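There are 2 protein chains.
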Amino acid sequence: MCKYEKSKEEILKCNEDIKRAFLKRISLVDEISKLESNNKENFSTIGKDINCDEKYAHEYRHLAKSIQLIDKRYLYRQHTKLSDDNEIKSNKEIQKICYQGLPFSYTESATKALFPNKEIIYTDLFEQVFSNVYNNKADIGVLPIENSTAGYINEIYDLLVKYDLYINYSYIKKISHCIAGVQSTQIQDIKQVYSHPQALAQCYEYIKENRFIVINDTNTAVAAKRVAEMKDKSIACICSKEAAENYGLKILNAKINKSENYTRFCGISRMLVKEKNHNRISLVFSVPHIVGSLDGVLSVFSYYNISLTSICSRPDLESPFRYLFYVDFEGNILEHNMKAILFQLEKELPYFKILGSYRA
Amino acid sequence: MCKYEKSKEEILKCNEDIKRAFLKRISLVDEISKLESNNKENFSTIGKDINCDEKYAHEYRHLAKSIQLIDKRYLYRQHTKLSDDNEIKSNKEIQKICYQGLPFSYTESATKALFPNKEIIYTDLFEQVFSNVYNNKADIGVLPIENSTAGYINEIYDLLVKYDLYINYSYIKKISHCIAGVQSTQIQDIKQVYSHPQALAQCYEYIKENRFIVINDTNTAVAAKRVAEMKDKSIACICSKEAAENYGLKILNAKINKSENYTRFCGISRMLVKEKNHNRISLVFSVPHIVGSLDGVLSVFSYYNISLTSICSRPDLESPFRYLFYVDFEGNILEHNMKAILFQLEKELPYFKILGSYRA
Numbered sequence: 001m002c003k004y005e006k007s008k009e010e011i012l013k014c015n016e017d018i019k020r021a022f023l024k025r026i027s028l029v030d031e032i033s034k035l036e037s038n039n040k041e042n043f044s045t046i047g048k049d050i051n052c053d054e055k056y057a058h059e060y061r062h063l064a065k066s067i068q069l070i071d072k073r074y075l076y077r078q079h080t081k082l083s084d085d086n087e088i089k090s091n092k093e094i095q096k097i098c099y100q101g102l103p104f105s106y107t108e109s110a111t112k113a114l115f116p117n118k119e120i121i122y123t124d125l126f127e128q129v130f131s132n133v134y135n136n137k138a139d140i141g142v143l144p145i146e147n148s149t150a151g152y153i154n155e156i157y158d159l160l161v162k163y164d165l166y167i168n169y170s171y172i173k174k175i176s177h178c179i180a181g182v183q184s185t186q187i188q189d190i191k192q193v194y195s196h197p198q199a200l201a202q203c204y205e206y207i208k209e210n211r212f213i214v215i216n217d218t219n220t221a222v223a224a225k226r227v228a229e230m231k232d233k234s235i236a237c238i239c240s241k242e243a244a245e246n247y248g249l250k251i252l253n254a255k256i257n258k259s260e261n262y263t264r265f266c267g268i269s270r271m272l273v274k275e276k277n278h279n280r281i282s283l284v285f286s287v288p289h290i291v292g293s294l295d296g297v298l299s300v301f302s303y304y305n306i307s308l309t310s311i312c313s314r315p316d317l318e319s320p321f322r323y324l325f326y327v328d329f330e331g332n333i334l335e336h337n338m339k340a341i342l343f344q345l346e347k348e349l350p351y352f353k354i355l356g357s358y359r360a
Numbered sequence: 001m002c003k004y005e006k007s008k009e010e011i012l013k014c015n016e017d018i019k020r021a022f023l024k025r026i027s028l029v030d031e032i033s034k035l036e037s038n039n040k041e042n043f044s045t046i047g048k049d050i051n052c053d054e055k056y057a058h059e060y061r062h063l064a065k066s067i068q069l070i071d072k073r074y075l076y077r078q079h080t081k082l083s084d085d086n087e088i089k090s091n092k093e094i095q096k097i098c099y100q101g102l103p104f105s106y107t108e109s110a111t112k113a114l115f116p117n118k119e120i121i122y123t124d125l126f127e128q129v130f131s132n133v134y135n136n137k138a139d140i141g142v143l144p145i146e147n148s149t150a151g152y153i154n155e156i157y158d159l160l161v162k163y164d165l166y167i168n169y170s171y172i173k174k175i176s177h178c179i180a181g182v183q184s185t186q187i188q189d190i191k192q193v194y195s196h197p198q199a200l201a202q203c204y205e206y207i208k209e210n211r212f213i214v215i216n217d218t219n220t221a222v223a224a225k226r227v228a229e230m231k232d233k234s235i236a237c238i239c240s241k242e243a244a245e246n247y248g249l250k251i252l253n254a255k256i257n258k259s260e261n262y263t264r265f266c267g268i269s270r271m272l273v274k275e276k277n278h279n280r281i282s283l284v285f286s287v288p289h290i291v292g293s294l295d296g297v298l299s300v301f302s303y304y305n306i307s308l309t310s311i312c313s314r315p316d317l318e319s320p321f322r323y324l325f326y327v328d329f330e331g332n333i334l335e336h337n338m339k340a341i342l343f344q345l346e347k348e349l350p351y352f353k354i355l356g357s358y359r360a
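Taken in sequence, the protein lines are chains Z and G. Letter 100 of the first sequence, counting from 1, is numbered 100 in the numbering used here, and no numbers are missing. Letter 7 of the second sequence, counting from 1, is numbered 7 in the numbering used here, and no numbers are missing.
Treat the hints as calculated values from the structure; they're not laboratory data. Heads up, a few of these hints could be off.
Since the list gives no way to pick one copy over another, a pair counts as held whenever it fits inside one copy or between any two copies.
[What the hints assert, rightly or not] In silico PhoX-like pairs for lysine-lysine, Cα to Cα no more than 25 Å straight-line:
(1) K6 to K208
(2) K174 to K162
(3) K24 to K65
(4) K89 to K162
(5) K96 to K255
Because the structure is a prediction, the values reported are computed rather than measured.
Construct the complete structure from the given sequences, taking the supplied hints into account.
What follows is the structure, encoded as structure tokens:
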């Protein structure tokens with residue numbers, strides 16, 4: 001037998017030894033946990049008995065850390081009394097919807113798609129949407145939370161922590177921009193284009209081809225209104241079809257944005273709604289100051305075979321050197337596994353909050 | 001001896017067995033890897049020999065996965081020929097700096113702090129900054145990349161992928177807003193306040209206390225210019241001290257934003273600069289479609305004891321259902337460990353790109 005074959009056989013033997021010892025060990029961990037519930041943290045110490053100088057000490061310490069995590073996950077899953085609260089909680093009698101923006105903006109069309117035929121309250125700033133919902137002046141607030149050009153909108157996440165409100169609804173709106181001018185104009189007359197910087201960026205290829213001069217405006221709907229008022233054949237705007245039509249503009253070209261653009265909107269209320277058809281949960285948390293604590297947290301999700309759909313960190317401005325992590329994942333908050341995960345994270349992490357449960 | 005003491009002792013015995021078998025195993029893995037470099041992936045198979053129905057199969061599979069990862073990390077670290085390229089690469093002869101924005105904007109002051117006394121080229125859109133640098137019309141582009149209110153600015157990351165340019169510089173600017181009006185006014189005369197929506201949001205508490213009506217503008221510097229032109233005692237703007245002074249406005253209150261606000265700017269060029277004093281690396285990558293592949297990637301960083309400073313995912317608009325992850329971490333690209341990490345990730349991940357190396 002050559003050296004390779006021999007070593008390979010020895011490895012298989014080691015694999016078996018590890019497996020046997022591991023399976024015996026976890027059954028003992030299981031047994032003890034049923035005996036003494038106070039002592040769970042200490043009895044299964046592994047990895048302390050190795051010297052730094054020892055060869056493979058680094059590798060062994062990683063193994064020990066993995067086994068400690070497996071112990072913990074197992075014990076949480078098997079021996080934690082989770083609440084039997086399976087009560088469905090719904091928002092009833094939705095009357096008033098609040099959003100930040102203007103008539104004929106993209107936010108308005110998201111609001112109307114989510115909540116047709118409701119009373120609408122407009123505000124100037126996102127925080128006013130939160131304070132209106134918090135103070136019972138509105139039942140639901142509709143807010144953009146993520147944008148394919150601008151990214152996550154941190155301000156909304158901050159406000160969700162500050163105001164103790166919850167995401168109950170999610171709506172993805174594909175953004176289709178058109179270029180529009182006054183009725184008497186033609187595309188070849190256009191020299192200047194007004195719009196929001198994000199809309200201009202999304203149509204950059206088109207703007208470059210046509211050598212338009214761009215002028216930033218506060219909002220696509222404001223740009224449409226402005227162009228209608230200026231009555232200048234050489235000036236156009238980039239906005240939604242609805243805004244162009246509303247302000248009596250002529251659509252010169254439709255769908256001029258190159259790639260798929262979208263904005264994700266959320267609906268918030270005062271209650272953490274729990275519905276059977278929900279399939280997404282959002283969290284925010286911080287982790288202990290240890291290298292690898294983030295992968296420890298994420299391994300909880302893979303332990304339960306759950307897919308993250310988004311993760312984002314940022315410095316916590318309230319406490320220097322602390323980071324907050326925003327995570328979205330697939331699942332329903334009424335399920336047993338989900339309760340186990342949430343219970344465990346809440347117990348282990350320095351800061352933890354459920355931001356919402358909704359249908360994606 | 002009571003049952004608890006007995007089980008505890010048996011666990012310690014299992015720990016020892018696992019340790020012994022594991023250390024033997026990794027030394028064999030090491031040995032074989034020196035023999036046959038082509039066969040590295042297959043010889044150490046562990047975890048395939050367990051039946052789904054077996055008790056603790058789920059836990060054992062997690063252990064096996066951890067051991068596979070430890071094998072892989074170990075082999076990469078020990079047996080990979082990494083390039084000996086320790087050449088320092090610097091940007092020489094920086095003459096022209098390009099940025100998107102206006103004189104007296106926050107971007108201008110970041111640009112001047114990073115590159116004093118250089119020739120400046122202004123553009124209207126972020127993408128024009130990239131095309132100017134790419135086409136040699138500017139040496140460096142300065143761009144905001146993250147904002148404490150708005151979050152990560154995806155557009156910039158997209159453009160870094162599209163244009164094959166690299167981040168070489170980083171600069172964090174604390175944002176201090178003031179409220180300013182015409183020279184003849186007093187704070188009690190003010191009724192309306194113009195500014196960029198982000199600046200208004202950052203000063204929300206102050207605005208609410210004073211019951212101001214807010215009006216969105218495209219930019220804080222534009223708002224200052226507009227207020228100076230309107231010459232109305234009841235109208236103020238929220239902007240930087242520099243913008244207020246430049247447009248001849250009177251500062252009515254300084255530092256009216258409640259919390260620490262900042263914007264992180266980056267300087268980009270055509271070259272992946274490598275300097276000895278760099279301490280931060282930025283990456284973008286995608287992961288295979290398997291639950292837990294993200295924690296697998298992150299465990300590479302904890303294996304090398306490296307701290308992530310930021311992580312952010314978002315859907316890849318070019319390929320549906322694929323996510324891109326943006327990661328920043330501590331380290332210098334000239335170090336051996338760093339080369340090992342980058343080599344390994346590039347080899348393992350479906351998509352991978354170094355976005356930059358810089359001093360944070």
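Exercise for the section: Give me the numbers of the hints this structure contradicts, sorted from smallest to largest. Expected result: 1, 5
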